[in-house]
Structure formats: structure tokens, C-alpha cells
Amino acid sequence: GNSVTQMEGPVTLSEEAFLTINCTYTATGYPSLFWYVQYPGEGLQLLLKATKADDKGSNKGFEATYRKETTSFHLEKGSVQVSDSAVYFCALLNNDMRFGAGTRLTVKP
Amino acid sequence: GAGVSQSPRYKVAKRGQDVALRCDPISGHVSLFWYQQALGQGPEFLTYFQNEAQLDKSGLPSDRFFAERPEGSVSTLKIQRTQQEDSAVYLCASSRRDRVYGYTFGSGTRLTVV
Chain Y
-14 GNSVTQMEGP VTLSEEAFLT INCTYTATGY PSLFWYVQYP GEGLQLLLKA TKADDKGSNK
46 GFEATYRKET TSFHLEKGSV QVSDSAVYFC ALLNNDMRFG AGTRLTVKP
Chain C
18 GAGVSQSPRY KVAKRGQDVA LRCDPISGHV SLFWYQQALG QGPEFLTYFQ NEAQLDKSGL
78 PSDRFFAERP EGSVSTLKIQ RTQQEDSAVY LCASSRRDRV YGYTFGSGTR LTVV
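Line order of the protein sequences matches chains Y and C.
Everything in the first sequence is counted per this note's numbering, starting at -14 for the first residue and increasing by one.
Everything in the second sequence is counted per this note's numbering, starting at 18 for the first residue and increasing by one.
Hints should not be assumed to be uniformly reliable.
[What the hints assert, rightly or not] Sample of chain Y residues with no beta-carbon within 10 Å of chain C, all distances over it, derived:
| # | residue |
| --- | --- |
| 1 | Ser(-1) |
| 2 | Phe3 |
| 3 | Leu31 |
| 4 | Ala38 |
| 5 | Lys41 |
| 6 | Lys45 |
| 7 | Phe47 |
| 8 | Gly63 |
| 9 | Ser68 |
| 10 | Ala71 |
| 11 | Pro94 |
[Unchecked claim] Computed, partial: chain Y to chain C, Cβ under 8 Å:
| # | residue |
| --- | --- |
| 12 | Leu4 |
| 13 | Phe19 |
| 14 | Thr50 |
| 15 | Asp81 |
| 16 | Phe84 |
| 17 | Ala86 |
Keep in mind the hints are simulated off the structure, nothing from the lab.
Virtual Cβ for every residue (Gly too), placed ideally from N, Cα, C.
Throw the hints in and build the complete structure from the sequences for me.
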């Protein structure tokens, strides 16, 4: 079946630190991959996406590359800000959208 | 509308009470999805509509859960005889027919069963 595994949190970083949140997936066929972000009390917002192997999604300084050979879609940001504090979800779209359990990121000033 | 609108934002129900949660998707989005998000977890799929047709309801946890979208726009998720384990945030999302652009989520309804 289709599933997503992402690194467990919580992750706590200082402002301007480098961020990596790991995500791996299991799927049949050629899924699309997404990162969503959820701020407190809000729904999920699409952060970035990639629809085929070797695509790189990017937005607001965040990046993730669709790696078919390692079935991964790790999220990275070179310099995090306090405003990046949120829960991040990796997701896979095949027949339907499947989400990882989420990784809570806290950035301290 | 400009976004996916869900109401109410918060609902407290006594155990055994019936509740109805509303979702108003983005205009023109043919696909509509309901998810359940337990505290500290990722969203879990409940059901999917394409226009008015409910194409997949495999995620509904019991026959107390029922969803409809009679005119292919607004959808209602109904939970009968609520139980404490139904407490969660219920998220609605909509998308174009070509779902590779991702889903647009509403802010959710937080249901607390006491």
C-alpha cells in the first residue's frame, strides 16, 4: 500500500540554523509528493510539491527533491526563522492523499 | 469562494448527541475530501466525493459516520450518537479534478465529545 514515514519530532532549533526533516515513502506507480505546514489552530497549507522523480519543489526558502532511488522527499531550509515554527506534514498522492504523522518544529530566537 | 470554509470552528457535543459539520469548497473544485485529525497525528482519510458522487468511503470508522454532497458543492459530515473517541479535528479539502496540484484545506472543525 501507499504510506509515508517522516522523522519524529519535536525538533527545536535556534534561529538561522539549518533544517532537515526526513520523509520516506512507499508507493506503487508514480506518486506526487507534497509538504504541508500547519500553524496552530489552522488547517494545512501547501508548502511545496513535486510531481515526478528529480523534481525539486521550493517555496519560502524551503526545498525538497523527489528522489525515486531512495524513495525520499526530505524537507530542507538553510536558515530557519521563529515564524517557521509549525507542524510539517509530508504527503503522497497516488489514488488518494496519505499523510505522515507530522513533525513539530520550534524555532527559538 | 476564495478558500475552503468549514463551520462551526468548534463544537462541543455531549456523548450520544448527533452533530453535523459543514464544508463549503472552493468554487469549481469537483473533488472534496474529509479527513479526521487526532491530536498530534496526521490527517486520516475518511471519504471522497467527485461532484455529488461519493466515490470512496472506506475511511469512515463506523456506520455512525455519514457524508453527503447532494448538489456537488457544499458537503456535510454527520456523526450520529457521538462517542468520546470521535473527538478530533475534522478537515475538509477540495481540489480540481487534476489532483496533482494538491488539495486546499479548510481550517477544520474541532469536535470535543464530553
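For each hint, the structure was consulted:
1. Ser(-1): holds, 24 Å
2. Phe3: holds, 24 Å
3. Leu31: Given that some Cβ of chain C is not farther than 10 Å from that of Leu31 (chain Y), nearest at about 5 Å, it is violated.
4. Ala38: holds, 14 Å
5. Lys41: Holds: least Cβ distance 16 Å, greater than 10 Å.
6. Lys45: holds, 15 Å
7. Phe47: Holds, because the least Cβ-Cβ distance between Phe47 (chain Y) and chain C comes to about 15 Å, which exceeds 10 Å.
8. Gly63: For Gly63 (chain Y), whose nearest Cβ neighbour in chain C is about 24 Å away, the distance exceeds 10 Å, so it holds.
9. Ser68: Holds, because the least Cβ-Cβ distance between Ser68 (chain Y) and chain C comes to about 19 Å, which exceeds 10 Å.
10. Ala71: Consistent with the label, Ala71 (chain Y) stays out of reach of chain C, its closest Cβ about 14 Å off (over 10 Å).
11. Pro94: Non-interface label on Pro94 (chain Y) holds, nearest chain C Cβ at 25 Å vs cutoff 10 Å.
12. Leu4: Nearest chain C Cβ about 19 Å off; hint violated.
13. Phe19: holds, 6 Å
14. Thr50: violated, 17 Å
15. Asp81: holds, 6 Å
16. Phe84: holds, 4 Å
17. Ala86: With Cβ-Cβ at 5 Å, under 8 Å, it holds.
Hint violations for this structure: numbers 3, 12, 14, all remaining hints satisfied.
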